[in-house]
Amino acid sequence: EIVLTQSPDTLSLSPGERATLSCRASPSLGGSYLAWFQKRPGQSPRLLIYGTFTRATGIPDRFSASGSGTDFTLTISRLEPEDFAVYFCQEYGSSPSITFGQGTRLDIK
Amino acid sequence: QVQLVESGGDLVKPGGSLRLSCAASGVRFSDYYMSWIRQAPGKGLEWISSISHTGNTIFYADSVQGRCTISRDNAKNSLFLQMTNLRAEDSAVYYCARLYDYGAAEAFDVWGQGTVVTVSS
Numbered sequence: 098e099i100v101l102t103q104s105p106d107t108l109s110l111s112p113g114e115r116a117t118l119s120c121r122a123s124p125s126l127g128g129s130y131l132a133w134f135q136k137r138p139g140q141s142p143r144l145l146i147y148g149t150f151t152r153a154t155g156i157p158d159r160f161s162a163s164g165s166g167t168d169f170t171l172t173i174s175r176l177e178p179e180d181f182a183v184y185f186c187q188e189y190g191s192s193p194s195i196t197f198g199q200g201t202r203l204d205i206k
Numbered sequence: 027q028v029q030l031v032e033s034g035g036d037l038v039k040p041g042g043s044l045r046l047s048c049a050a051s052g053v054r055f056s057d058y059y060m061s062w063i064r065q066a067p068g069k070g071l072e073w074i075s076s077i078s079h080t081g082n083t084i085f086y087a088d089s090v091q092g093r094c095t096i097s098r099d100n101a102k103n104s105l106f107l108q109m110t111n112l113r114a115e116d117s118a119v120y121y122c123a124r125l126y127d128y129g130a131a132e133a134f135d136v137w138g139q140g141t142v143v144t145v146s147s
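Chains as they are written, first to last, in the working numbering: chain B, 98 to 206; chain W, 27 to 147.
Hints may contain errors.
Mimicking DSS-like on lysine-lysine, the simulated pairs with C-alpha atoms at most 25 Å apart in a straight line are [what the hints assert, rightly or not]:
id, chain 1, residue 1, chain 2, residue 2
1, W, Lys69, B, Lys136
2, W, Lys39, W, Lys69
3, B, Lys206, B, Lys136
4, W, Lys69, B, Lys206
Because the hints were derived from the structure by calculation, they are not lab data.
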């Protein structure tokens, strides 16, 4: 079973800054995929990235993702006020079960 | 546009049962795998169960195996989750989500607004 560990737990930044969120997989994802979601309080999760790299429909290009094997990154190039939320990575494809990371809270500094 | 609406969440006593529903609209429901995912207060997202297009293939998380039954009625564009022997740790917002096949990958692209289950005496 895949375990996804996100870091940091909380990231405090200011609007306009760059955010780098990490998701580490154990064991390696191999040929399975990683997705990233944004979760604001009181709202449903929002798909940002699928297939490890690809932005979902309507997602601004300030969101980008990279990685392979065990180390994956979500980058927000210039933070907008609406980007302060909790972000989850999620693995799909290695087994029938589906795993989420524990989340990274992105707070306004 | 595609919309998923959950219902059925309630306050229930430990050991009780509950049936959650998810109504889909704006989509050919029978074309998609569907899943239930939950978020307990102050916790992260936890996948619960998935069901294939026809309902022939079903998966459960270990945490609910034997206590939950997922099903679907494609004629009524509906997804269900029957939960029994509920525990306090089952208290959460329960979401239904569509698994979309992008070709090179699959992902949960549409989510409902969630329904709240509270297990407490």
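Hints and how they fare:
1. W:Lys69 / B:Lys136: holds, 12 Å
2. W:Lys39 / W:Lys69: This hinted pair holds, its Cα atoms lying about 21 Å apart.
3. B:Lys206 / B:Lys136: holds, 19 Å
4. W:Lys69 / B:Lys206: holds, 22 Å
The structure is consistent with each of the numbered hints, conforming to all of them.
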